[in-house]
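Enquirer: Spelled out from the first residue to the last, the chains are:
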Amino acid sequence: MMRAPVAKIIPFSNVDGPGNRTSVFFQGCTFNCLFCHNPETIHLCKSCGICVEKCPAGALSFDASGTVVWNSTACVGCDSCIHVCPHDSSPRVRWLTVEDLMKEIRRSAPYIDGITTSGGECTLQNEFLIELFTEVRKLGKTCLIDSNGSFDFEADPRILTVSEGVMLDVKAADGAWSNILISHTQELVLKNLDYLLSVNKLHEVRTVIFPGRDTENAEAVRTVAGHIGSACPYKIIRYRPFGVRERYQKLLGEFETETEYAERFARLARECGAAKAFVV
Amino acid sequence: MSDALNIIQDPTLTYKQELLALARLGESTDDSLRYSDAYYEAKRKGALCDLNEGVMPYRPRYICPDYTLLFEKGCRFLELDPPKDLLEAVNALEIFYCHVPSITSFPVYLGDLDKLLEPFVIREDRAFAKKVLGLFLRNIDRVQTDSFVHADIGPEDSVTGRLLLELTEEMQLAIPNLTLRYDPEKTSDDFALACIRCMLKTAKPSFANHRMFVREWGERYAIASCYNGLSIGGGGYTLPRLRLYECALDAESPEDFLARELPRHIDLQLEYMDKRVRFIVEQSNFFKTNFLVTEGFVKQENFTGMFGVVGLAECCNYLLGIENKKKGFGMNTEATDLGLRIMDVIDVRVKAHEAPYCESYGHRYRLHAQVGIDSDGMDDSPGTRIPIGVEPPMLDQLEVNEKFHPYFPTGTGDIFKFEETWLRTPEAILPIIKASLARGLRYFSGYLENNDVVRVTGYLVKKSEIEKLRAKKQSLNNVTVFGMGAQDGGHALDRRVQQHDESSGR
Numbered sequence: 053m054m055r056a057p058v059a060k061i062i063p064f065s066n067v068d069g070p071g072n073r074t075s076v077f078f079q080g081c082t083f084n085c086l087f088c089h090n091p092e093t094i095h096l097c098k099s100c101g102i103c104v105e106k107c108p109a110g111a112l113s114f115d116a117s118g119t120v121v122w123n124s125t126a127c128v129g130c131d132s133c134i135h136v137c138p139h140d141s142s143p144r145v146r147w148l149t150v151e152d153l154m155k156e157i158r159r160s161a162p163y164i165d166g167i168t169t170s171g172g173e174c175t176l177q178n179e180f181l182i183e184l185f186t187e188v189r190k191l192g193k194t195c196l197i198d199s200n201g202s203f204d205f206e207a208d209p210r211i212l213t214v215s216e217g218v219m220l221d222v223k224a225a226d227g228a229w230s231n232i233l234i235s236h237t238q239e240l241v242l243k244n245l246d247y248l249l250s251v252n253k254l255h256e257v258r259t260v261i262f263p264g265r266d267t268e269n270a271e272a273v274r275t276v277a278g279h280i281g282s283a284c285p286y287k288i289i290r291y292r293p294f295g296v297r298e299r300y301q302k303l304l305g306e307f308e309t310e311t312e313y314a315e316r317f318a319r320l321a322r323e324c325g326a327a328k329a330f331v332v
Numbered sequence: 271m272s273d274a275l276n277i278i279q280d281p282t283l284t285y286k287q288e289l290l291a292l293a294r295l296g297e298s299t300d301d302s303l304r305y306s307d308a309y310y311e312a313k314r315k316g317a318l319c320d321l322n323e324g325v326m327p328y329r330p331r332y333i334c335p336d337y338t339l340l341f342e343k344g345c346r347f348l349e350l351d352p353p354k355d356l357l358e359a360v361n362a363l364e365i366f367y368c369h370v371p372s373i374t375s376f377p378v379y380l381g382d383l384d385k386l387l388e389p390f391v392i393r394e395d396r397a398f399a400k401k402v403l404g405l406f407l408r409n410i411d412r413v414q415t416d417s418f419v420h421a422d423i424g425p426e427d428s429v430t431g432r433l434l435l436e437l438t439e440e441m442q443l444a445i446p447n448l449t450l451r452y453d454p455e456k457t458s459d460d461f462a463l464a465c466i467r468c469m470l471k472t473a474k475p476s477f478a479n480h481r482m483f484v485r486e487w488g489e490r491y492a493i494a495s496c497y498n499g500l501s502i503g504g505g506g507y508t509l510p511r512l513r514l515y516e517c518a519l520d521a522e523s524p525e526d527f528l529a530r531e532l533p534r535h536i537d538l539q540l541e542y543m544d545k546r547v548r549f550i551v552e553q554s555n556f557f558k559t560n561f562l563v564t565e566g567f568v569k570q571e572n573f574t575g576m577f578g579v580v581g582l583a584e585c586c587n588y589l590l591g592i593e594n595k596k597k598g599f600g601m602n603t604e605a606t607d608l609g610l611r612i613m614d615v616i617d618v619r620v621k622a623h624e625a626p627y628c629e630s631y632g633h634r635y636r637l638h639a640q641v642g643i644d645s646d647g648m649d650d651s652p653g654t655r656i657p658i659g660v661e662p663p664m665l666d667q668l669e670v671n672e673k674f675h676p677y678f679p680t681g682t683g684d685i686f687k688f689e690e691t692w693l694r695t696p697e698a699i700l701p702i703i704k705a706s707l708a709r710g711l712r713y714f715s716g717y718l719e720n721n722d723v724v725r726v727t728g729y730l731v732k733k734s735e736i737e738k739l740r741a742k743k744q745s746l747n748n749v750t751v752f753g754m755g756a757q758d759g760g761h762a763l764d765r766r767v768q769q770h771d772e773s774s775g776r
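Order-wise, the sequence lines are chains A and B. In terms of our numbering, the first sequence opens at residue 53 and continues consecutively. In terms of our numbering, the second sequence opens at residue 271 and continues consecutively.
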């Protein structure tokens with residue numbers, strides 16, 4: 053039975069696509085973005101056990117095979133485990149089957165328009181998602197993919213046949229800043245941008261605007277605007293330090309991006325052709 | 271110092287509030303309406319509560335006049351002809367409202383305003399109609415100075431409905447309370463979304479489950495006061511409450527409570543209701559001489575008694591020995607199931623009771639999940655609500671509500687407080703309301719956390735008006751003082767905030 057590591061399920065979300073949606077966050081990411089708001093979803097747990105002794109509720113323990121296991125009933129949700137984890141991971145990940153996940157989605161299904169899978173990077177679970185989306189669509193609900201663009205959709209477009217589309221993060225223009233910011237190049241992300249546009253599966257694009265980074269912000273926005281034009285909404289997101297690892301807050305900023313500053317880049321995006329650019 | 275002197279020297283009371291307080295004091299000097307010793311004992315223990323209805327009822331608690339009759343035939347007593355245009359219609363209503371009694375002495379039901387006024391509104395220029403309706407709302411806010419004053423709109427979209435929403439948002443008034451009668455087939459999504467936007471910004475309108483109310487009351491039902499379902503052309507005689515937590519204090523076990531203490535208290539409350547209803551109908555003047563009755567705006571047979579309950583959550587937690595509310599009623603299947611068994615006992619026993627003067631309802635009273643009063647503090651949560659401060663995520667809260675709301679034809683409801691992002695996405699709230707109403711929710715209220723106008727437990731107050739009272743100044747709205755008490759004693763403004771999505775960042 054296929055299983056996938058699920059970090060969190062949010063039954064009602066109004067910020068992960070149109071209408072009310074159930075958001076499923078998968079564990080594990082292909083990037084390591086400095087501004088990640090939930091860095092505990094980046095890596096899979098190594099069972100090092102540092103969190104076990106720090107858990108004040110006794111909700112973490114080792115099983116016979118030496119794997120760290122989480123007791124959700126005993127857990128008090130204090131987040132001590134993710135704060136002490138040196139590996140940007142979490143012991144509170146559940147390895148679920150599609151049917152496990154469907155049990156929870158069926159509960160929220162009457163109240164939602166659809167589901168959005170996110171992460172981490174949910175496309176790491178491509179085969180699982182195909183099966184999941186097939187089941188969700190039987191309920192008459194839509195399926196959106198929230199992705200960092202590190203999966204080659206053109207090489208394997210099967211997931212797109214069972215999904216309404218992709219909400220793509222384009223975090224930087226290609227170049228040195230991209231390598232610093234996300235530890236990755238933008239080559240595949242931009243290829244995906246064009247491909248998803250060409251098959252009409254690009255639901256929206258998002259770029260985070262960092263305080264004081266005039267050049268880097270402008271380059272990212274120009275790049276996206278040049279590709280998407282008015283084909284899909286372009287969300288200009290203000291950087292917020294909440295949840296960002298402390299050492300990176302020092303580099304990126306300890307305060308959130310001012311709305312007015314972000315508006316400058318929304319205007320720039322519109323000037324460069326992204327008619328549906330707006331700040332959120 | 272005498273009670274009367276206390277009243278006339280209280281700097282926070284307006285003249286009219288003094289007058290009403292003195293009237294209540296005067297009423298309390300009579301003791302000819304007597305109950306059994308067991309009733310008084312239960313009342314003294316706090317297990318029964320009469321909501322300070324007064325010992326000598328001289329009118330039914332809630333009156334829902336049939337305003338369509340005023341527009342068709344006029345009113346002889348008030349010397350009003352049927353209105354011929356919008357100005358006459360609004361003027362007739364403003365006059366009529368001043369003569370509709372209630373427990374608060376203010377009209378708790380203002381009519382289905384969109385249906386009543388639409389024929390007049392559509393004959394006028396939109397800007398003129400908006401001006402007139404704006405003055406009408408201002409008149410209501412300044413003259414009917416009590417948040418239990420309640421108007422209804424819907425289920426269909428209308429020019430009047432839209433204008434009332436626009437004005438409600440622009441004027442930011444606590445009065446009147448407002449309900450949308452929502453039916454997924456009759457209410458367009460566009461109109462529902464306009465109502466949601468208005469609700470987030472002004473805490474009104476609330477969404478009433480139109481189909482559910484129609485099944486119980488027929489098409490001609492009113493939502494009055496906080497969220498009371500009643501008949502148009504009728505009303506509610508009285509609304510006492512079982513304070514279920516206190517009812518349970520002498521029970522030895524859940525089974526003992528269900529078999530002995532609960533039925534005993536139900537019967538005592540029924541005794542109170544029967545005597546009171548008989549007195550209102552047989553002894554007081556209202557049903558003999560009041561123009562509302564003699565001219566047919568209400569009919570005695572369309573009244574019923576509202577059998578109220580509060581504190582189900584605390585009752586269940588107490589009976590099961592649950593001390594941590596976070597793991598109690600609403601979050602714990604055993605406690606929630608006990609709640610359902612308790613409601614079944616109440617429902618069956620009240621339905622088995624032959625009630626006087628409730629002809630239109632098979633001689634039966636109807637259940638009401640009372641919304642709480644300021645003196646309840648944290649002992650008894652409103653009706654069957656999950657206690658404030660331990661509410662689970664919205665989906666869980668709705669699922670619990672859906673189980674309990676069908677018990678209460680004379681009203682229940684829950685309130686959801688949203689953080690600011692939901693204002694940008696009303697289309698994310700509509701499917702939640704739609705689904706929950708389809709699954710048994712009766713009444714949905716919401717507001718944004720940073721509003722000035724907020725819904726306290728069922729009624730609306732302005733936070734800025736509460737601050738006036740704290741500064742020992744007067745507040746025109748009679749209900750502001752209840753809001754202050756509920757905020758201090760029941761933390762009623764601290765309900766859980768619906769976040770957008772705690773882990774949206776990547």
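Bear in mind the hints are in silico, worked out from the structure with no lab data behind them. All values derive from a computational prediction rather than experimental measurement. For every residue, glycine included, the Cβ atom is placed at its ideal position computed from N, Cα and C. Keep in mind that the hints are not guaranteed to be accurate.
Residues of chain A clear of chain B, computed beta-carbon distances all greater than 10 Å [claimed, not checked]:
(1) Phe64
(2) Glu151
(3) Ile164
(4) Asp165
(5) Phe307
(6) Ala327
Listed next, the in silico DSSO-like pairs over lysine-lysine satisfying Cα-Cα at most 30 Å (straight line) [to be verified]:
(7) A:Lys155 x B:Lys704
(8) B:Lys596 x A:Lys155
(9) B:Lys704 x A:Lys190
(10) A:Lys106 x B:Lys704
Enquirer: All hints are to be evaluated individually against the structure, with a verdict given for each.
Expert: To see whether the hints hold, each was checked on the structure:
Once the 10 Å rule is applied to beta carbons, phenylalanine 64 of chain A is inconsistent with being away from chain B; the minimum gap is 6 Å. Against the 10 Å criterion, glutamate 151 of chain A stays outside the reach of chain B, whose nearest CB is about 20 Å from its own CB. Some Cβ of chain B comes within 10 Å of the Cβ of isoleucine 164 of chain A; the nearest lies about 6 Å off, and the non-interface call is violated. Not every CB of chain B is more than 10 Å from the CB of aspartate 165 of chain A (nearest about 6 Å), against its label as outside the interface.
The non-interface label for phenylalanine 307 of chain A is consistent with chain B: the shortest C-beta to C-beta separation is roughly 16 Å, beyond 10 Å. No Cβ of chain B comes within 10 Å of the Cβ of alanine 327 of chain A; the nearest lies about 19 Å off, and the non-interface call holds. Simply put, lysine 155 of chain A and lysine 704 of chain B have alpha-carbon atoms about 21 Å apart, close enough for the 30 Å limit, and the pair holds. Taking the CA atoms of lysine 596 of chain B and lysine 155 of chain A, the gap is about 24 Å. The hint holds against a cut of 30 Å.
Restraint check for lysine 704 of chain B and lysine 190 of chain A: satisfied, since their Cα atoms lie roughly 20 Å apart, inside the 30 Å limit. At roughly 44 Å between alpha-carbon atoms, lysine 106 of chain A and lysine 704 of chain B are farther apart than 30 Å, so this suggested pair is violated.
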